[in-house]
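**Q** In case you want the letters, here they are:
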Amino acid sequence: MRREPKATSKSKATVLGSEDSFRMLVEGVTDYAIVMLDPEGHVVSWNPGAERIKGYTRDEIVGKHFSCFYPPEAIKRGVPEKELKAAIKHGRFEDEGWRVRKDGKQFWASVVISALRDKAGKLRGFAKVTRELTERRRNEEQIRILNEQQQTILDASPTMIFYKDRENRFIRVNESFARANGRSKEEMEGKTCWDIYPRETADNYWQDDKEVMSTGQPKLDIVERMETQKGTMYVQSDKIPYRDLEGNVIGVIGFTLDITGRKQAEERIQQQSREIMELSTPVMQVWQGVVVAPLIGSLDSQRTQQFMERLLDRIVETNSPVALVDIMGVPTVDTQTAQHLIETVAAVRLLGAQVVLTGVRPAIAQTLVHLGIDLSGIITRSSLSAGLLVAFEVLNLQVVSKSASR
Amino acid sequence: MSAESISVIKLRGLLLVTVPADPDDRTVSALQERVLEAMAEHESGGLVLDISTVQTLDSFFARTVVETVQMVSLMGGRTVLAGMRANVAVTVTQLGLSMGNTLTALDVDRAIDMLNAEASKGLRV
Amino acid sequence: MNDLQQGEFPIESENDIVSARRLVRNAAVAAGFGLTDVTRIVTAASELTRNIYVHAKSGVMRWRFLKSESKVGLELTFEDSGLGIPNVAKAMEAGYSTGNGLGMGLPGAKRLTDEMTVHSEVGKGTTVVVRKWLTK
Ligand SMILES: Nc1ncnc2c1ncn2[C@@H]1O[C@H](COP(=O)(O)OP(=O)(O)O)[C@@H](O)[C@H]1O
Ligand SMILES: [Mg+2]
Chain B
0 MRREPKATSK SKATVLGSED SFRMLVEGVT DYAIVMLDPE GHVVSWNPGA
50 ERIKGYTRDE IVGKHFSCFY PPEAIKRGVP EKELKAAIKH GRFEDEGWRV
100 RKDGKQFWAS VVISALRDKA GKLRGFAKVT RELTERRRNE EQIRILNEQQ
150 QTILDASPTM IFYKDRENRF IRVNESFARA NGRSKEEMEG KTCWDIYPRE
200 TADNYWQDDK EVMSTGQPKL DIVERMETQK GTMYVQSDKI PYRDLEGNVI
250 GVIGFTLDIT GRKQAEERIQ QQSREIMELS TPVMQVWQGV VVAPLIGSLD
300 SQRTQQFMER LLDRIVETNS PVALVDIMGV PTVDTQTAQH LIETVAAVRL
350 LGAQVVLTGV RPAIAQTLVH LGIDLSGIIT RSSLSAGLLV AFEVLNLQVV
400 SKSASR
Chain U
0 MSAESISVIK LRGLLLVTVP ADPDDRTVSA LQERVLEAMA EHESGGLVLD
50 ISTVQTLDSF FARTVVETVQ MVSLMGGRTV LAGMRANVAV TVTQLGLSMG
100 NTLTALDVDR AIDMLNAEAS KGLRV
Chain L
0 MNDLQQGEFP IESENDIVSA RRLVRNAAVA AGFGLTDVTR IVTAASELTR
50 NIYVHAKSGV MRWRFLKSES KVGLELTFED SGLGIPNVAK AMEAGYSTGN
100 GLGMGLPGAK RLTDEMTVHS EVGKGTTVVV RKWLTK
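Residue numbers (numbering that gives the first Met the number 0), protein chains in the order written: chain B, 0 to 405; chain U, 0 to 124; chain L, 0 to 135.
Hints may contain errors.
[To be verified] With a straight-line Cα cutoff of 30 Å, these simulated DSSO-like cross-link-like pairs (lysine-lysine) come out: (1) 218(B) <-> 66(L); (2) 56(L) <-> 209(B); (3) 70(L) <-> 218(B); (4) 70(L) <-> 229(B).
None of these hints come from the bench; they were simulated from the model. This one's a predicted model, so the numbers in the text were calculated from it and none came from an experiment.
Generate coordinates for the entire structure from the input sequences, incorporating the hints supplied.
**A** In C-alpha cells, the structure reads:
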C-alpha cells in the first residue's frame, strides 16, 4: 500500500500498465477514502470511497487543502500540518479522531497518511487512506458507558462482588469487596487470591471456585472466615460460573455478604442461653450441710448433664452431705431424663453425699412406674419440706417446736 | 509413682491410706497388698481410703478399689472411700462403673466419724 | 505448642499408660476443655491405651486438634496390630470381657466421648478413634 503509490508517482512512462490497474483498484474501493495530496497538502486525486465518506465530488475537492476535513478546533491547533510533518518524519502517520464531512457532520475516522518520495528521496506528496469508524466508535462508547454504569451499580452494592478468571485472578471487583480487604480496586484487580490471602485460606476459596468451574453449577451459602488486612470477618458467599458469550465457563463470579455481626449476635444468644440455663438450675445452700436444687422446665440431656456437674461441684464446695433435688417444676420426665437423674444420684453417692428427690407429683410418679424406671434405691418425698426433714435426720438434727420445748 | 510412696497411717484404731494422684497399674496393685497387710498387722476394724487427689479413676483402678473393699470386709473391716472429686464422680458414673455398696464420705473427717459411729453401734449389738 | 496440636506416642509398657494419660490431659487442657471434660477424655484414653497393652501388647496413640468454623475438638486414635476383635458389637456391650477386666472399657469410652469408631480385623489389628467436641 505504501510502496506502490510511490512507484507509480515516480516512473509514469515505464509502469503505465500497473498505474492503470492500480487506478482501477482505487476506483473500485468504496469502503476507504483514498486521497492523494501534493507536498503542501492539496488534494490531487479522489476516489469513490472518499466521495461516499466525505461527501465531496471529485470536482468540488481537487485542488482544495485537506485541512477542510478537520474540525475547526483541530485546525486551530495546527493538527493537519502536524500530521503531514509526522508523516514526512516517520514516513507514515496513523491517527483516530473526529473528521468533518461536506455537510458539516462529524464522523470518527481512522487515518493513515504516507509520505510519497521519488528515487532521489524528494517528497512528491502524500497518500491518505481514511476509514469511517463511527459505528465502531459508537459501539465502543456504548460498551464503555454500559461498563461504567455496571461498575456504578456494582460499587453501590453493599454485597461484595468479584469476578475471577480460571487462574484464580481477580478480573474485576467492586468497591465493597475492595474496602473489606482494605485495598483499592486497582490494587486487587490482576492479583490472584494467593497474593492477597494467607495460603490456606486462598486454597480453600480456590477449592470452591474449581468446583463451580468444573460442574458449571452455582455453589450457594458458603459460610467461611475471611482474613483481611483489617482482621477476621465471617462471610457467606454464593459463587456462580462466569461464562463468555458462547457459554464457556471462563471463571467465577462471587457474591459475598459480611455476616460477622450476625455471627456475633448468634454467639451472644448462645452465651445468654448458657447463662439462663445456669440461672434456671440454681443450687442453693439452705442449711449447714444441705443444698437444694429446684429443677424448673423440661430437662434435655445437655441441661441435665450440666445440672449434674453443677450440683456435684456445689456439694463439694459447701461440704454438704445432703442434696435435695426438687422436680416439682418439671412438666414431664422421660426415660432419658430419669436415667440422668439416676446417674446424678449415683454420682452424688460416690462423693459421700445423698440425694433426696422431692416434689414427685402424682403424674410423674405414674409415668415413672409405667416406664418401668426403678427409683427404689433413691429416697423420694412428695414435697420439699418433707425432704428437709429427711435431710435433718441424716445430719442428726431434730426439729423441735418452741412451745413443746418450754 | 512407686508403691513405696503409698502412705498408711494408723489413727485411733483406724487405718488411713492416701492414694497417689496418678498411679500406674503396678502401684494400684501394690496398694491392695499394702492395705491388706496393714489391716492384718494392726487388727484394725476400719479403713479410710483417701482418694481426694485422684484425677483419673478408670475401670482397672475402680475394680481394684472395689475388690480391696470386699477383701477388707472379709477380714472383718469396714472401708470408707473419702473425698472423691466431683469431676471424677461424674466420669466414673458415666463410664458405667458402680462402686457397689462401698461407703463414701465427703472428706476424711466425715469418714472417720462414720467409722467410729459404726464401731459404737457394733459394740451395742 | 505445636507438639500439643498433634502427636503420637507408642504404647509398649504398663508405664506408658500413665504417660499417655498425662499427654492427653495436657492436650485436652490446651484445647480449652473444662475440668470434667478433661477427666472424661483422660479416662477414655486410659481405658483404650490399657486395651492396647492388655489385649494387643503394643501399639500407638495419636492425638490431633480438630478445628472447624464453628467448633473445636480433640481426636484420639488408638492403633495396634494385635489379634483384632472378632465381634466388635459384642465387645461394645457393657460387661463383656475376654480377659479378667470389667468389660467397661469400650462401652465406657463411647459414653465419655462424642464420637467413637472401632475398626478391627482379626489377625490384623484394631483402630479405635474417639472425638470430643468443645461446646463453646
Ligand atoms: N485393642 C484390642 N485388641 C484386641 N481385642 C480388644 C482390644 N480392645 C478390646 N478388645 C476386646 O474387647 C473386649 C472388651 O473390651 P473392654 O470393654 O475394654 O473390656 P476389658 O478390657 O475390660 O475386657 C476385650 O475383652 C477384648 O476381648
Ligand atoms: Mg478394657
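**Q** Taken at face value, is the distance from the CA of residue 66(L) to the CA of residue 218(B) at most 30 Å?
**A** holds, 23 Å
**Q** Would the pair residue 70(L) and residue 229(B) pass a check requiring their Cα atoms to be no farther apart than 30 Å?
**A** holds, 23 Å
**Q** Against the 30 Å threshold, does the CA-CA distance of residue 56(L) and residue 209(B) hold or violate the hint?
**A** Violated: residue 56(L) and residue 209(B) sit about 47 Å apart, past 30 Å.
**Q** Hinted pair, alpha-carbon criterion (30 Å max): residue 70(L), residue 218(B). Please report holds or violated.
**A** The given pair, whose Cα atoms are some 23 Å apart, holds under the 30 Å limit.
In this structure, only the earlier hint numbered 2 is contradicted, and the remaining ones agree with it.
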